[in-house]
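Undergrad: Here are the chains, one letter per residue:
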Amino acid sequence: MKVLVPVKRVVDYNVKIRVKSDKTGVDLANVKMSMNPFDEISVEEAVRLKEAGVATEVIAVSVGPQQAQETIRTALAMGADRGILVKTDAEVEPLGVAKILKELVGAESPDLVIAGKQAIDDDSNQTGQMLAALLGWSQATFASELEIADGKAKVTREIDGGLQTIEVSMPAVVTADLRLNEPRYASLPNIMKAKKKPIDEKTVEELGVDIAPRLTVLEVTEPAAREAGVKVETVAELVDKLKNEAGVIG
Amino acid sequence: MTTLLIADHHGDGLNDSTLKAFSAAKALGGDVHVLVNGSGCQGAADAAAKIDGCGKVLLADDAIYANRLAEPKADLIVSLAGDYDAIVAPATTSGKNVMPRVAALLDVMQISEVVAVESADTFVRPIYAGNAMAKVQSADPKKVITVRTTAFPATAAEGGSASVEAVAAAGDPGLSTFIGEELSKSERPELTSAKIVVSGGRGMQSGDNFPMLEKVADLLGAGVGASRAAVDAGFVPNDYQVGQTGKVVAPELYIAVGISGAIQHLAGMKDSKVIVAINKDEEAPIFSVADYGLVADLFNAVPELEEELKKVL
Ligand SMILES: Cc1cc2nc3c(=O)[nH]c(=O)nc-3n(C[C@H](O)[C@H](O)[C@H](O)COP(=O)(O)OP(=O)(O)OC[C@H]3O[C@@H](n4cnc5c(N)ncnc54)[C@H](O)[C@@H]3O)c2cc1C
Ligand SMILES: Nc1ncnc2c1ncn2[C@@H]1O[C@H](COP(=O)(O)O)[C@@H](O)[C@H]1O
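First to last, the protein sequences are chains A and B.
My numbering numbers the first residue of the first sequence as 2 and each following residue consecutively.
My numbering numbers the first residue of the second sequence as 11 and each following residue consecutively.
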């Protein structure tokens with residue numbers, strides 16, 4: 002069983018981003034970039050499936066600029082077998098990414114795609130569901146547990162009310178939520194080994210996919226800032242302020 | 011123009027998120043029809059018909075829709091999409107699961123977690139955990155939108171008298187099967203609609219200490235939430251998580267206890283009207299968004315808070 006894992010290069014989750022003063026976007030110059038944290042979880046899950054003898058090959062795929070190769074290298078260092086970089090300097094929306102992934106699925110015929118539930122830059126939470134739709138595959142989003150047996154995937158999903166368990170036919174698209182696993186750190190020897198693993202490069206044109214954006218970003222602004230608050234000395238003072246100043250209790 | 015709103019409901023009635031998303035649907039400018047889809051959901055359809063301003067209710071009541079599985083639900087919505095210019099759903103886990111599938115089947119880009127409707131094609135949505143707001147214009151012929159419900163007021167649940175029209179099921183592609191559900195049972199108000207939320211973080215040290223917070227919450231009629239760290243550590247179930255990738259809340263009062271205030275947590279609560287932080291570290295970033303900060307050990311402060319509240323409530 003082959004597993005395809007899409008990995009996105011995003012601003013590191015620890016970075017406090019800044020909006021550009023001309024309101025055209027977010028300032029990405031000299032900002033630390035990393036693999037989308039949810040994608041680390043997907044890679045980890047795929048590698049564990051391989052270690053358990055369930056998966057035979059794990060392919061990490063990224064759509065992005067040349068530097069997205071580093072993101073693929075990280076996946077390879079974690080245990081993925083090979084990578085595919087679909088090189089583009091354009092900003093590709095989830096629908097476009099899903100269309101690109103569909104082409105790669107067509108070429109590679111994986112039985113399972115494990116994507117992240119959400120990219121922490123655009124916060125879209127769409128790509129996995131869209132890919133499943135385009136392929137006519139089953140989907141199991143927000144997974145916190147994944148078990149593969151008899152050509153089916155049993156997935157526990159994190160939903161608003163708690164947990165839901167479903168069984169989906171394969172091939173399937175699963176999207177990883179935070180509790181699926183705890184991703185490993187790549188060891189130095191594995192980082193060295195990853196340098197020798199192959200990364201195939203493709204272009205969007207080669208794949209024949211139309212990624213023209215459907216959304217135009219008219220402006221990007223800072224959210225309204227909160228006014229500075231006060232420190233209270235005692236619990237009694239806190240309760241008094243909540244009751245008599247803020248008027249939110251009592 | 012006409013908009014189809016996909017209702018979140020519990021069979022007998024509507025969830026609050028539907029009434030809020032209705033306001034966003036209304037802001038698009040045209041008529042709003044409501045799709046109630048499930049198994050045994052006549053009650054919810056009747057409730058939808060009463061929403062103030064509701065134009066029509068479509069009821070797709072069939073056993074295949076019993077568990078909100080994404081594939082049959084998306085197929086149903088797509089089968090109805092021809093008559094609509096926009097399809098809107100609350101950004102609940104159900105909406106987030108189904109709507110991108112609908113969008114891709116219609117070959118349009120979904121606009122996720124909209125917080126403001128500027129016009130029928132222009133929307134504001136948070137990106138980067140709410141550290142930036144993007145105003146986007148959609149060129150797609152049909153808009154597929156999920157709505158961040160905390161950003162919209164609830165439309166009045168009474169006042170309308172729309173007709174309820176049964177629509178045929180769209181068939182089950184048979185890709186998924188429901189196995190089971192483990193739902194948190196709680197008498198407390200649901201997090202996203204609670205007027206007051208009390209949340210605990212890693213500082214709580216153990217799930218055994220959460221009853222301390224729950225006592226305060228019950229005095230206040232509050233919902234109980236948590237940080238990711240508290241959920242990951244197993245103190246409380248996953249559906250307690252507030253944040254960028256959990257629930258977004260905007261109550262009148264949010265009390266953060268033993269939570270440091272990482273940007274991913276702030277993303278889920280910084281639009282609360284009044285924020286209180288209780289933390290023993292005076293440098294904790296949570297204090298930068300708190301209206302009232304108390305630097306204290308929570309194991310002293312929370313029981314004391316319970317006593318003080320008893321005096322005034
Ligand atoms: C992809 C991704 C998504 C994420 N999504 C979310 C999300 O949706 N929601 C979320 O919350 N986080 C999320 N996080 C995690 C986030 O980055 C932080 O790690 C998390 O919010 C920290 O939780 P915490 O504040 O409880 O723990 P900590 O940061 O460890 O803070 C604990 C706090 O408790 C205080 N404390 C300890 N003991 C006491 C005491 N006795 N009395 C008083 N105070 C005390 C400490 O001073 C400290 O400030 C996400 C992270 C990633 C990478
Ligand atoms: N440019 C990309 N390259 C590779 N994977 C991507 C890309 N964009 C999105 N994805 C995948 O889709 C998931 C969800 O992203 P999104 O729909 O943008 O929130 C991510 O966690 C990735 O697994």
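Watch out, some of these pointers could steer you wrong.
Said to hold, decoys possible - The calculated lysine-lysine pairs, modelled on DSSO-like cross-linking and capped at a C-alpha distance of 30 Å, are:
#1 Lys145/B <-> Lys242/A
#2 Lys232/A <-> Lys66/B
#3 Lys205/B <-> Lys33/A
#4 Lys244/A <-> Lys283/B
#5 Lys196/A <-> Lys33/A
#6 Lys103/A <-> Lys244/A
#7 Lys155/A <-> Lys195/B
#8 Lys283/B <-> Lys17/A
#9 Lys232/A <-> Lys152/B
#10 Lys152/B <-> Lys66/B
#11 Lys232/A <-> Lys195/B
#12 Lys66/B <-> Lys242/A
#13 Lys242/A <-> Lys152/B
#14 Lys197/A <-> Lys88/A
#15 Lys103/A <-> Lys203/A
#16 Lys103/A <-> Lys225/B
#17 Lys66/B <-> Lys24/A
#18 Lys66/B <-> Lys244/A
#19 Lys17/A <-> Lys103/A
#20 Lys242/A <-> Lys225/B
#21 Lys152/B <-> Lys244/A
#22 Lys320/B <-> Lys232/A
Just so you know, the hints here were simulated from the structure itself, not pulled from any lab data.
Please read all numbers here as calculations on a predicted model, not as lab measurements.
Undergrad: Against each hint, give a clear statement of whether it holds in the structure.
TA: Results of checking the hints against the structure:
1. Lys145/B <-> Lys242/A: Judged against 30 Å, a Cα distance of about 37 Å means the pair is violated.
2. Lys232/A <-> Lys66/B: 51 Å, violated
3. Lys205/B <-> Lys33/A: Distance of about 38 Å is beyond 30 Å: violated.
4. Lys244/A <-> Lys283/B: 14 Å, holds
5. Lys196/A <-> Lys33/A: The hint holds at about 21 Å.
6. Lys103/A <-> Lys244/A: 57 Å, violated
7. Lys155/A <-> Lys195/B: Satisfied, since the Cα-Cα distance of roughly 24 Å is no more than 30 Å.
8. Lys283/B <-> Lys17/A: It holds: about 23 Å lies between the C-alpha atoms, which stays within 30 Å.
9. Lys232/A <-> Lys152/B: This hinted pair is violated, its Cα atoms lying about 49 Å apart.
10. Lys152/B <-> Lys66/B: 19 Å, holds
11. Lys232/A <-> Lys195/B: Violated - the C-alpha atoms of Lys195/B and Lys232/A are around 36 Å apart, more than 30 Å.
12. Lys66/B <-> Lys242/A: 47 Å, violated
13. Lys242/A <-> Lys152/B: Status violated; Cα separation ~49 Å.
14. Lys197/A <-> Lys88/A: 20 Å, holds
15. Lys103/A <-> Lys203/A: Holds: Lys103/A and Lys203/A sit about 14 Å apart, inside 30 Å.
16. Lys103/A <-> Lys225/B: 51 Å, violated
17. Lys66/B <-> Lys24/A: 41 Å, violated
18. Lys66/B <-> Lys244/A: 44 Å, violated
19. Lys17/A <-> Lys103/A: At roughly 33 Å apart (the allowed maximum being 30 Å), Lys103/A and Lys17/A break the hint.
20. Lys242/A <-> Lys225/B: 20 Å, holds
21. Lys152/B <-> Lys244/A: 48 Å, violated
22. Lys320/B <-> Lys232/A: 22 Å, holds
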